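The listed protein sequences derive, respectively, from chains A and B. Under my numbering, the first residue of the first sequence carries the number 1, and numbering increases by one thereafter. Under my numbering, the first residue of the second sequence carries the number 288, and numbering increases by one thereafter.
Heads up, a few of these hints could be off.
Unchecked claim - Below, in silico cross-link-like pairs of lysine to aspartate or glutamate (DMTMM-like), each with a Cα-Cα straight-line distance of 25 Å or less:
(1) LYS433(B) <-> ASP364(B)
(2) LYS316(B) <-> ASP350(B)
(3) LYS394(B) <-> GLU100(A)
(4) LYS394(B) <-> GLU15(A)
(5) LYS394(B) <-> ASP364(B)
(6) LYS297(B) <-> GLU490(B)
Stated by the list, open to error - Cβ-Cβ distance ranges computed for the label pairs, FRET-style:
(7) PRO171(A) <-> SER535(B): 38 to 46 Å
(8) LEU56(A) <-> ASP350(B): 54 to 62 Å
(9) TRP486(B) <-> GLU15(A): 57 to 65 Å
(10) GLY472(B) <-> ARG281(A): 27 to 35 Å
(11) ALA81(A) <-> GLY359(B): 52 to 60 Å
(12) GLY105(A) <-> ASN304(B): 31 to 39 Å
Simulated from the structure, these hints should not be mistaken for laboratory data. None of the values given here were measured: they were computed from a predicted structure. Cβ atoms here follow ideal geometry from the backbone N, Cα and C, with glycine treated the same way.
So you can see what is in the structure, the chains are spelled out below.
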Amino acid sequence: MIPDQPSRRPRLNPEKVHVAAVVALWTTAGVTLAVLAAIIVFILVHGLPMLTPEFLLAQPESMGRAGGIFPTIVGTLALTAVALAIATPLGVGTAIYLNEYSRGGRAAAAIRFGVDCLAGVPSIIFGLFGFIFFVIYLKMGWSVLSGGLTLAVMVLPTIMRTAEEALRAVPASYRQVSFATGATTWQTVTRVVLPVALPGTVTGIVLSIGRCVGETAAVIFTAGTALRLPLSIFSPTRTMAVHFYILAREGLSMPHAYGTAAVLVITILLVNTIANAIMLRFRAGVT
Amino acid sequence: MELHDRREEKCKLRVENLSVFYGAVQAIKSLSLRVYPNEILGITGPSSGGKTSLLHTINRLNDRIPTYRHEGRVLLDGDDIYHPDVDVNQLRRRIGIVFDLPTPLPKTIFENVVFGLRVAGVRNRTVLQERTEQALRDAILWDEVKDRLNQPALRLSGGQQQRLSIARALAAQPEIVMLDEPCSGLDPISTLKIEQALWDLKERYTIVLVSQNVQQTSRATDRAAFLLMGELVECGPTAEMFTNPRDSRTADFLEGRFG
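Looking at chain A on its own, in the form it has when it is part of the complex (with noise of 0.2 Å):
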């Protein structure tokens, strides 16, 4: 026999807690939602007028108080390529090695250990670092190379622990099938493993790309803020989201700041969109 107990406070309406969470649910997806279209809207609308096809190929006048911010779309570009061409084959591979290769020892924990700190430093340390270590020690000078170095050691961590979660999450049976059936660790990894982690190593690899894209500390240290057109990968650039920063810090011309800030948000809406169809297309074709 259970005894008869005394209820306390009275008993919520199981119906009316369902009723209070939901609307409460909503309104947080809601606020983050608004929040996240205010900011595109309100940049979009300052921004839009002034895109014209002159705005984005021609080069910038008066230290970009008129004319285009071209030089700046092709050194972020170039600066971002060179990041991902050096993080990526890092990051990745040493995940496949922390997964699929070693057996968890003190060097993998080392290892990831050393990576999290990593990703906890803020950016304007590792500016300084770029700084001192690539333009000065390594005479490499505000460049191209100096920012693409110094942001690949920045994403690192992000590119290298997303693909380590997609690793992990890829079912153990997978492995197992592929080695019974006589596959080497490297033929299980590059025709099993890797093609089902691919989605979230993407996905890492984008949420890079947006770092990189909008980074403003960490490359002003390090490629500098020349308005010149970067011709190799040796010469000193600008970026967009430091140009956008000078420009509106500088107060030389806000609707050109904004202008900026509107083809960095497009650009990263795209990037984002590309990969998404990718992964759509790709996951299609296994399920």
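Given the coordinates of chain A, work out where chain B should sit on it, guided by the hints.
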């Protein structure tokens, strides 16, 4: 014992005094067993009896488990499969294994079947297609999938997926096929199809069928081994073991008093 001695030279796979450990846990205790060519050997017994550990030791899948270690020998055609000169990938092609849950890889039906051939370096399109048809026919799946070989294997039903797993193991043309509870999640009709396929296959392969299911062992095997807590209790012709078990523990299990 006389029977075993007489067939000594024909023995396909011989397990000698095998003990298997995972860390401090002993999964198999000094087990000796022979598998003869073109027979279906059934291995039955309750859970954690060492059945799967035995198969994974024979296929060397346990190599990847750091805490694993074993004593004793496993001989394939008289050669120690754990000899340092043995190419483990080559060995796994000779001894195929099918797992208890259907495990289609996230690829097309065709790519699933030819996976073992591809990793072995077979590129010839004609060979791949011929082996695919043969393997799917052997697994009694061909008629159901012949028109959609390029569709994802994950769209097949559970029973079809398990027959696909069998076809994948067969396409690599192993000498021995080991099946670990291949029907555990399947309906009676799928189970029947798989048992039927095995019966037709033993002309060309040597088959080891692990099953907790006593009825399946009695229906589908030539000889049977009863494993209990890592120990081989008895092993002999299936009909003999089921009608006249030598050990009282075997009798208890077969009659459903435990397990």
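**Message:** Taking 38 to 46 Å as the stated bounds, is the beta-carbon spacing between PRO171(A) and SER535(B) within them?
**Reply:** holds (42 Å)
**Message:** Run the distance test for LYS316(B) versus ASP350(B): straight-line Cα separation, threshold 25 Å.
**Reply:** Holds: LYS316(B) and ASP350(B) sit about 19 Å apart, inside 25 Å.
**Request:** Starting from LYS394(B), check that the Cα of ASP364(B) is at most 25 Å away, please.
**Result:** violated (34 Å)
**Message:** What's the verdict on LYS297(B) and GLU490(B), does the C-alpha distance respect the 25 Å limit or exceed it?
**Reply:** holds (15 Å)
**Prompt:** Within 54 to 62 Å or not, the Cβ separation of LEU56(A) and ASP350(B)?
**Reply:** holds (58 Å)
**Message:** Is 27 to 35 Å respected by the C-beta to C-beta distance linking GLY472(B) and ARG281(A)?
**Reply:** Holds, since GLY472(B) and ARG281(A) (Cβ atoms, about 32 Å apart) stay within the stated range.
**Message:** Check whether the Cα positions of LYS394(B) and GLU15(A) lie no farther apart than 25 Å.
**Reply:** violated (45 Å)
**Item:** Range hint compliance [Cβ, TRP486(B) to GLU15(A), 57 to 65 Å]
**Value:** holds (59 Å)
**31 to 39 Å as the expected CB spacing between ASN304(B) and GLY105(A), which holds or is violated** = holds (32 Å)
**Asked** Is the straight-line distance between the alpha-carbon of LYS394(B) and that of GLU100(A) 25 Å or less?
**Response** Judged against 25 Å, a Cα distance of about 20 Å means the pair holds.
**Message:** Holds or violated: LYS433(B) and ASP364(B), Cα atoms, limit 25 Å.
**Reply:** At roughly 36 Å apart (the allowed maximum being 25 Å), ASP364(B) and LYS433(B) break the hint.
**Message:** Given the hint of 52 to 60 Å, is the C-beta distance from ALA81(A) to GLY359(B) inside that range or not?
**Reply:** Cβ of ALA81(A) to Cβ of GLY359(B): about 57 Å, so the range 52 to 60 Å holds.
In this structure, the earlier hints numbered 1, 4, 5 are contradicted, and the remaining ones agree with it.
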